[in-house]
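Read top to bottom, the protein sequences are chains S and W.
Counted the way the working numbering counts, the first sequence spans residues 1 to 431.
Counted the way the working numbering counts, the second sequence spans residues 1 to 431.
Among the hints, a few may not be true.
Note that the list lumps identical chains together, so a pair holds whenever it fits in one copy or between two copies.
Here are the computed lysine-lysine pairs in the DSBU-like style, where the Cα-Cα straight-line distance is at most 35 angstroms [as the list claims (entries may be wrong)]:
| id | residue 1 | residue 2 |
| --- | --- | --- |
| 1 | 55 | 17 |
| 2 | 23 | 227 |
| 3 | 74 | 89 |
| 4 | 227 | 167 |
| 5 | 105 | 89 |
| 6 | 227 | 105 |
Don't read these hints as lab results, they were simulated from the structure.
Here the structure is a predicted model, which is why all the values come from computation and not from measurement.
There are 2 protein chains.
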Amino acid sequence: MPIRLDRRSADFASQFKAFLATKREASQDVESAARAIVNDVVARGDAALIEATRKFDRLEIDASGLRITADEVKAAVAACDTATLDALKLARDRIELFHRRQLPKDDRFTDALGVELGWRWSAVDAVGLYVPGGTAAYPSSVLMNAVPAIVAGVPRVVMVVPTPDGKLNPLVLAAADLAGITEIYRVGGAQAVAALAYGTATIAPVAKIVGPGNAYVAAAKRLVFGKVGIDMIAGPSEVVIIADRNGHPDWIAADMLAQAEHDANAQSILITDSAELADEVERAIASQLTTLPRAEIAQASWRDFGGLIVVENLDQATELANALAAEHLEIMTADPEALAAKIRNAGAIFLGAHTPEAIGDYVGGSNHVLPTARSARFSSGLGVLDFMKRTSMLKCGPEQLRALGPAAVALGEAEGLGAHARSVGLRLNLQ
Amino acid sequence: MPIRLDRRSADFASQFKAFLATKREASQDVESAARAIVNDVVARGDAALIEATRKFDRLEIDASGLRITADEVKAAVAACDTATLDALKLARDRIELFHRRQLPKDDRFTDALGVELGWRWSAVDAVGLYVPGGTAAYPSSVLMNAVPAIVAGVPRVVMVVPTPDGKLNPLVLAAADLAGITEIYRVGGAQAVAALAYGTATIAPVAKIVGPGNAYVAAAKRLVFGKVGIDMIAGPSEVVIIADRNGHPDWIAADMLAQAEHDANAQSILITDSAELADEVERAIASQLTTLPRAEIAQASWRDFGGLIVVENLDQATELANALAAEHLEIMTADPEALAAKIRNAGAIFLGAHTPEAIGDYVGGSNHVLPTARSARFSSGLGVLDFMKRTSMLKCGPEQLRALGPAAVALGEAEGLGAHARSVGLRLNLQ
Numbered sequence: 001m002p003i004r005l006d007r008r009s010a011d012f013a014s015q016f017k018a019f020l021a022t023k024r025e026a027s028q029d030v031e032s033a034a035r036a037i038v039n040d041v042v043a044r045g046d047a048a049l050i051e052a053t054r055k056f057d058r059l060e061i062d063a064s065g066l067r068i069t070a071d072e073v074k075a076a077v078a079a080c081d082t083a084t085l086d087a088l089k090l091a092r093d094r095i096e097l098f099h100r101r102q103l104p105k106d107d108r109f110t111d112a113l114g115v116e117l118g119w120r121w122s123a124v125d126a127v128g129l130y131v132p133g134g135t136a137a138y139p140s141s142v143l144m145n146a147v148p149a150i151v152a153g154v155p156r157v158v159m160v161v162p163t164p165d166g167k168l169n170p171l172v173l174a175a176a177d178l179a180g181i182t183e184i185y186r187v188g189g190a191q192a193v194a195a196l197a198y199g200t201a202t203i204a205p206v207a208k209i210v211g212p213g214n215a216y217v218a219a220a221k222r223l224v225f226g227k228v229g230i231d232m233i234a235g236p237s238e239v240v241i242i243a244d245r246n247g248h249p250d251w252i253a254a255d256m257l258a259q260a261e262h263d264a265n266a267q268s269i270l271i272t273d274s275a276e277l278a279d280e281v282e283r284a285i286a287s288q289l290t291t292l293p294r295a296e297i298a299q300a301s302w303r304d305f306g307g308l309i310v311v312e313n314l315d316q317a318t319e320l321a322n323a324l325a326a327e328h329l330e331i332m333t334a335d336p337e338a339l340a341a342k343i344r345n346a347g348a349i350f351l352g353a354h355t356p357e358a359i360g361d362y363v364g365g366s367n368h369v370l371p372t373a374r375s376a377r378f379s380s381g382l383g384v385l386d387f388m389k390r391t392s393m394l395k396c397g398p399e400q401l402r403a404l405g406p407a408a409v410a411l412g413e414a415e416g417l418g419a420h421a422r423s424v425g426l427r428l429n430l431q
Numbered sequence: 001m002p003i004r005l006d007r008r009s010a011d012f013a014s015q016f017k018a019f020l021a022t023k024r025e026a027s028q029d030v031e032s033a034a035r036a037i038v039n040d041v042v043a044r045g046d047a048a049l050i051e052a053t054r055k056f057d058r059l060e061i062d063a064s065g066l067r068i069t070a071d072e073v074k075a076a077v078a079a080c081d082t083a084t085l086d087a088l089k090l091a092r093d094r095i096e097l098f099h100r101r102q103l104p105k106d107d108r109f110t111d112a113l114g115v116e117l118g119w120r121w122s123a124v125d126a127v128g129l130y131v132p133g134g135t136a137a138y139p140s141s142v143l144m145n146a147v148p149a150i151v152a153g154v155p156r157v158v159m160v161v162p163t164p165d166g167k168l169n170p171l172v173l174a175a176a177d178l179a180g181i182t183e184i185y186r187v188g189g190a191q192a193v194a195a196l197a198y199g200t201a202t203i204a205p206v207a208k209i210v211g212p213g214n215a216y217v218a219a220a221k222r223l224v225f226g227k228v229g230i231d232m233i234a235g236p237s238e239v240v241i242i243a244d245r246n247g248h249p250d251w252i253a254a255d256m257l258a259q260a261e262h263d264a265n266a267q268s269i270l271i272t273d274s275a276e277l278a279d280e281v282e283r284a285i286a287s288q289l290t291t292l293p294r295a296e297i298a299q300a301s302w303r304d305f306g307g308l309i310v311v312e313n314l315d316q317a318t319e320l321a322n323a324l325a326a327e328h329l330e331i332m333t334a335d336p337e338a339l340a341a342k343i344r345n346a347g348a349i350f351l352g353a354h355t356p357e358a359i360g361d362y363v364g365g366s367n368h369v370l371p372t373a374r375s376a377r378f379s380s381g382l383g384v385l386d387f388m389k390r391t392s393m394l395k396c397g398p399e400q401l402r403a404l405g406p407a408a409v410a411l412g413e414a415e416g417l418g419a420h421a422r423s424v425g426l427r428l429n430l431q
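Okay, chain S solo, but in the shape it has when bound (with noise of 0.2 angstroms):
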């Protein structure tokens, strides 16, 4: 049964926050097994990698297949429903436009004694994307992170795949190909993740990776990670829906079980100042869940996870939905703009009834690799920044280190640290 918690009880703040502290994500110890196939790649490079595909993926290649053709994404795209091509290219446009906004602009200013001061932004030199394979194989993943690594100039950016049994999404393909993404290899698992980050003699070695996987992806992430820069690992995921009595249930339903049918481990909590909304969105995703296609999945996260939360009134709302730092935030009230503005702590915010997070999962332009399990407390979505890095500038003259330079001196050696004093007091003819 999902949880149903009143504001006005007694207690209230004890169970929501054991509520809080529910652990959703299964913690599978594979890591000994990832780190196996680290240092198996790491030392034989690709023998290893044709290896663990033979064994995890089934599939019999040699250094020459390892890379997916440009006839083959042809041929992938050929094959694909024009419709979804069509929807494909206006999500890949949509969130291009979104990210361009996202580029960060260079500083540069000269201070009142002269001192020159700033920053430059650069792009990541290259870029590995992991796209999961088999039914967790979504396309679009691929553009969300793809498009924003683009934008940011990664003049290099290379997907790997697993291929089970030799079988591939061809919308994977395609979506690769709207993005622009010219370099794929028909790998995954932990030793995909190896050779991104240590190379192989097919594979050149990239500085950072993205993108989700399963527990092996994680776990090998982890293990590379200071090698190479890595995104989030991503948890499951959530939705925390604020609505007030007018909102509509079946809407409602819909968008919890929209959340629910990704995985067993997500989560839908609805937050309402209307008790009677509660019981008919609790109605609803019954009587929903009697004809939806993943309704397996989305009925035991639902029963194990989800949420109907009563307050008193919506001020009680923002304060909740803070703490709970949800991946994805609807507010469906009279008046959202102005709850929203009390949100500080929230991945996304949909506003309004007529924006369900499937939008934004698509075609609305924003990113749906955001943070989860509370982690929008201190962490965002994926973006543009995420490819590239800032290197600061400073420049002196001599006038500059004289006005400076006695401070830094003073400094140094109430540190303790000589060199640093005389690295400035020899420019001084102090030392």
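Guided by the hints, dock chain W onto chain S, whose structure is given.
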């Protein structure tokens, strides 16, 4: 002996590759010890914190003694040398000025369809700043970590600092006071990290933890990552200096030793097109080492990890610098700006002979917390953005949903996510 490489030698490429791959991190395996401490603090709160403080810092306190009082801070400030305090104030003001320029802008726009999009930046609710005790207690680091958090608008910045045998560098408290931190606890190690992440009766939990620490602190930060955000795990520090034949050997030697004196694992590398300069710098280093307070540390760093690389021209120097991706890059050539324009990978660039890194360490204004161990290929120095997060915003009305909805339905169906499609379709009366 420091390594000496010549770009013209036949085996330069393999020698440079080996040099690049040199491991400098001393990998102390302290994870299980850190895990036990973290678990104890989670289970027993203040009692565990007090017990660990007694054990590791040889300090007897009860819960009421955990917090450092305003009077203690005032007394510490009074105990500091005025010139050093003035230098710290100058540093604080300049760091603040620089970082204010990093405050990001929100964005909100309406596209051709009438869809409202954008994002909003907000400060992290609460940040914990770890400050090491003992000899590595650097007041400059307190400013470099605290000022960007305050500039970001973080409402609660908490500092923890161990006081082994009850001792504490008064300049650390003075720096905290100058930065505006009022909540300070005399705890350190993995226990302090655990208290910040999980909270105890005395210390309310934070959402993100930053700041340098020993191996136990680093291990604890990795363990609590996810529960809270953490900054990068800093490795040993490094400098690369590019100089032409007009470089001043004494100044370059002093800068290289300023890096080397931090840590036996630090690294100083000179890249020059002048073999004579390389010789002169090597001699100057040997000479300056004889009078350096921290000669033993600097000597070990220079001997084990130092490098002199002679190239044929400065273009080769930029290539190597991009591969080294140094935390600090000093450029002392006739036209440092032209050379800097070719640098993609560096934490910070110091332009010209009158900008020793020590200026940037203390009073330049830019941040001295920078990516180490080649991670400047994919990450940036500490800044205001590290204390903020971005929430994306999306708003459709009925018309916009009609325009975008069919594509979302198509993609939801193509990905086998029926509830996604339904959440849009219901609103369009398609289902």
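Which numbered hints fail: Hints that this structure does not satisfy do not exist here, as all of them hold.
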